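Trainee: Read off the chains here:
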Amino acid sequence: MALQHGILAEDERTHFANCMGRIARERCRASFAELFEHFAPRLKSYLIRLGSDPLAAEEIIQEVMLNVWRKADQYDATQASVSTWIFRIARNRRIDSHRRLARPDLDPEDPLLRPPDAESPDVIVNRHQIEIVVRRELETLPEEQLTLLQAAFYDGLSHSEIAKRFELPLGTVKSRIRLAFQRLRRSLTGEH
Amino acid sequence: MLARKPSDFGEIYSAYAAGCLDPAFQLLVETQAALRPDVRQAVAQAETIAGVFLETEAATAVSDGVLDQLLSRIDGLDQTATEHARAAERAGDILDEILRLPAPLRDQALEASMDRSWTKLAPGVSRLNLGVESSTEVELYRIEPGRTLPRHSHRGNELTLVVAGGFEDGTGHFRAGDLSVKGPQDVHQPTADSDSICFALAVRDAGLEFKGVFGLVQKMLRR
Chain W
1 MALQHGILAE
11 DERTHFANCM
21 GRIARERCRA
31 SFAELFEHFA
41 PRLKSYLIRL
51 GSDPLAAEEI
61 IQEVMLNVWR
71 KADQYDATQA
81 SVSTWIFRIA
91 RNRRIDSHRR
101 LARPDLDPED
111 PLLRPPDAES
121 PDVIVNRHQI
131 EIVVRRELET
141 LPEEQLTLLQ
151 AAFYDGLSHS
161 EIAKRFELPL
171 GTVKSRIRLA
181 FQRLRRSLTG
191 EH
Chain E
1 MLARKPSDFG
11 EIYSAYAAGC
21 LDPAFQLLVE
31 TQAALRPDVR
41 QAVAQAETIA
51 GVFLETEAAT
61 AVSDGVLDQL
71 LSRIDGLDQT
81 ATEHARAAER
91 AGDILDEILR
101 LPAPLRDQAL
111 EASMDRSWTK
121 LAPGVSRLNL
131 GVESSTEVEL
141 YRIEPGRTLP
151 RHSHRGNELT
161 LVVAGGFEDG
171 TGHFRAGDLS
181 VKGPQDVHQP
191 TADSDSICFA
201 LAVRDAGLEF
211 KGVFGLVQKM
221 LRR
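Line by line, the protein sequences are chains W and E.
Residue numbering for the first sequence follows our numbering, beginning at 1 and increasing consecutively.
Residue numbering for the second sequence follows our numbering, beginning at 1 and increasing consecutively.
Since the hints were derived computationally from the structure, they do not count as laboratory data.
Treat the numbers as computed from the prediction; the structure is a model and nothing was measured.
Check before you lean on any hint, since a few could be wrong.
Interface residues of chain E toward chain W, partial, derived using beta-carbon atoms under 10 angstroms [to be verified]: (1) Gly10; (2) Ser14; (3) Ala18; (4) Arg40; (5) Gln41; (6) Ala46; (7) Thr48; (8) Ile49; (9) Ala50; (10) Glu57; (11) Val62; (12) Ser63; (13) Arg73; (14) Asp107; (15) Gln108; (16) Pro123.
Here are the computed lysine to any residue pairs in the SDA-like style, where the Cα-Cα straight-line distance is at most 25 angstroms [to be verified]: (17) W:Lys71 - W:Glu10; (18) E:Lys182 - E:Gly172; (19) W:Lys71 - E:Ser196; (20) W:Lys71 - E:Leu27; (21) W:Lys71 - E:Gln79; (22) E:Lys120 - E:Arg204; (23) W:Lys71 - E:Arg86; (24) E:Lys182 - E:Ser196; (25) W:Lys71 - E:Val66; (26) W:Lys71 - E:Asn129; (27) W:Lys71 - E:His84; (28) E:Lys182 - E:His84; (29) W:Lys71 - E:Asp68; (30) W:Lys71 - E:Thr80; (31) W:Lys71 - E:Leu67; (32) W:Lys71 - E:Lys120; (33) W:Lys71 - E:Ala122.
Pulled a few chain E residues facing chain W out of the computed Cβ check, cut under 7 angstroms [to be verified]: (34) Glu11; (35) Ala15; (36) Ala17; (37) Val43; (38) Gln45; (39) Glu47; (40) Gly51.
We put the beta carbon where it would ideally sit given N, CA and C, even for glycine.
Modelling step: build the complete structure from the supplied sequences, incorporating the hints.
Mentor: Structural data, given as structure tokens:
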């Protein structure tokens with residue numbers, strides 16, 4: 001399973017959340033250094049993956065981590081995990097803005113687009129639960145679904161781009177992603 | 001179209017989470033998320049998925065020294081932040097003190113403090129030009145407990161009204177409401193009492209008679 005390495009266990013997530021708390025309340029540099037040690041090398045890989053050269057990536061990492069420091073008091077441990085929060089700061093610095101999706105694939109004929117009342121009623125789950133369930137589900141997903149989720153949600157490829165990259169029919173891409181979400185939805189529904 | 005909500009697994013949310021959405025659509029999604037819990041949840045799911053992939057990302061070694069550089073930049077940040085916080089605190093404290101001054105002076109001082117800042121003459125001693133339209137100089141002194149106004153010379157006469165606290169200047173002890181009058185030959189180095197901050201209103205001429213500002217001074221005297 002692709003996700004075996006690196007995914008943070010609950011106590012590790014709590015540890016990083018506590019680091020954020022110490023940064024916010026006590027301006028704790030040791031806690032900040034810990035976050036840096038863990039996330040900076042991953043951010044570097046992420047940025048290189050998006051097309052940055054290693055030196056430029058380190059510049060961006062500094063900007064990102066400075067914002068982590070500055071906005072530490074805005075971090076809410078009851079909401080997103082530190083990883084999600086740091087990712088949000090990093091994704092806002094994407095340099096490949098020419099890739100921005102200007103007109104998302106909103107084909108009205110698309111069976112995936114249904115008015116809300118035709119779907120099962122949405123269950124509103126708190127963010128903390130989402131973190132737990134999403135992680136659990138991702139760990140159990142078949143490789144083929146995981147790969148596409150990463151391409152869509154992390155690399156930001158459109159479904160057409162994914163189809164091209166993995167040499168799959170567009171329909172296959174869409175149905176695999178939908179399958180992954182059905183499991184997620186069942187899990188979230190079961191959890192509340 | 002607004003009644004529709006794209007499917008949770010639709011491209012909008014994945015593009016949004018990955019930072020690949022056109023700013024106009026980004027705004028749309030964020031606004032809709034603020035208005036609708038179900039959209040908020042879809043966004044949360046998408047961002048959580050992205051966050052997990054960051055966790056499982058391979059690590060690429062970061063150059064030595066980057067963390068140190070970062071920490072010095074943070075020191076710089078904190079310095080500025082502390083200075084601002086101190087200045088704001090100080091301004092806040094002084095503001096409280098100003099608000100306790102007697103009415104006509106208080107309003108004048110409030111206005112003046114918005115137009116200009118206090119001049120620091122020495123540790124614990126500062127002065128605010130009150131900007132009164134006059135041929136005389138009208139200033140508010142703030143002297144912390146035990147501090148002494150630095151020696152200063154002036155060509156003309158000086159009236160100093162103690163507004164709060166008190167001072168001792170070699171010729172006597174002056175308390176709130178007391179007026180000290182000095183001529184050009186007099187040395188004037190008041191030392192504030194040790195138990196409170198001294199505010200003193202000083203009116204100085206260049207040797208000419210007090211005219212316009214006399215009314216203000218009279219109001220003070222009649223308090």
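Trainee: Now look at each hint and say whether the structure bears it out.
Mentor: Hints, verified against the model:
1. Gly10: 7 angstroms, holds
2. Ser14: Constraint on Ser14 of chain E satisfied, holds at 4 angstroms.
3. Ala18: 3 angstroms, holds
4. Arg40: 8 angstroms, holds
5. Gln41: Since chain W brings a Cβ to about 6 angstroms from Gln41 of chain E, closer than 10 angstroms, the hint holds.
6. Ala46: 6 angstroms, holds
7. Thr48: Holds - the Cβ of Thr48 of chain E comes within 10 angstroms of chain W, reaching about 4 angstroms at its closest.
8. Ile49: Holds, about 4 angstroms.
9. Ala50: With a minimum Cβ separation of about 5 angstroms from chain W (threshold 10 angstroms), the hint on Ala50 of chain E holds.
10. Glu57: Holds, about 4 angstroms.
11. Val62: This hint holds: Val62 of chain E lies near chain W, its Cβ roughly 5 angstroms from the closest one there, short of 10 angstroms.
12. Ser63: Hint on Ser63 of chain E: holds, closest Cβ of chain W at ~6 angstroms, below 10 angstroms.
13. Arg73: Hint on Arg73 of chain E: holds, closest Cβ of chain W at ~6 angstroms, below 10 angstroms.
14. Asp107: This hint is violated: Asp107 of chain E lies away from chain W, its Cβ roughly 37 angstroms from the closest one there, beyond 10 angstroms.
15. Gln108: 38 angstroms, violated
16. Pro123: 28 angstroms, violated
17. W:Lys71 - W:Glu10: 23 angstroms, holds
18. E:Lys182 - E:Gly172: 12 angstroms, holds
19. W:Lys71 - E:Ser196: 40 angstroms, violated
20. W:Lys71 - E:Leu27: 21 angstroms, holds
21. W:Lys71 - E:Gln79: 16 angstroms, holds
22. E:Lys120 - E:Arg204: Holds, at about 19 angstroms.
23. W:Lys71 - E:Arg86: Roughly 20 angstroms separates the two Cα atoms, so the pair holds.
24. E:Lys182 - E:Ser196: 24 angstroms, holds
25. W:Lys71 - E:Val66: Cα-Cα ~20 angstroms, so holds.
26. W:Lys71 - E:Asn129: Roughly 39 angstroms between the alpha carbons, so the hint for Lys71 of chain W and Asn129 of chain E is violated.
27. W:Lys71 - E:His84: 17 angstroms, holds
28. E:Lys182 - E:His84: Status violated; Cα separation ~39 angstroms.
29. W:Lys71 - E:Asp68: 20 angstroms, holds
30. W:Lys71 - E:Thr80: The given pair, whose Cα atoms are some 16 angstroms apart, holds under the 25 angstroms limit.
31. W:Lys71 - E:Leu67: 18 angstroms, holds
32. W:Lys71 - E:Lys120: 34 angstroms, violated
33. W:Lys71 - E:Ala122: Violated: Lys71 of chain W and Ala122 of chain E sit about 37 angstroms apart, past 25 angstroms.
34. Glu11: Because about 5 angstroms separates Glu11 of chain E from the closest Cβ in chain W, which is inside the 7 angstroms limit, the hint holds.
35. Ala15: 4 angstroms, holds
36. Ala17: 5 angstroms, holds
37. Val43: 10 angstroms, violated
38. Gln45: 6 angstroms, holds
39. Glu47: The hint holds - Glu47 of chain E has a Cβ within 7 angstroms of chain W, the shortest such distance being about 5 angstroms.
40. Gly51: 3 angstroms, holds
Comparing the model with each earlier hint shows violations of hints 14, 15, 16, 19, 26, 28, 32, 33 and 37; every other hint is respected.
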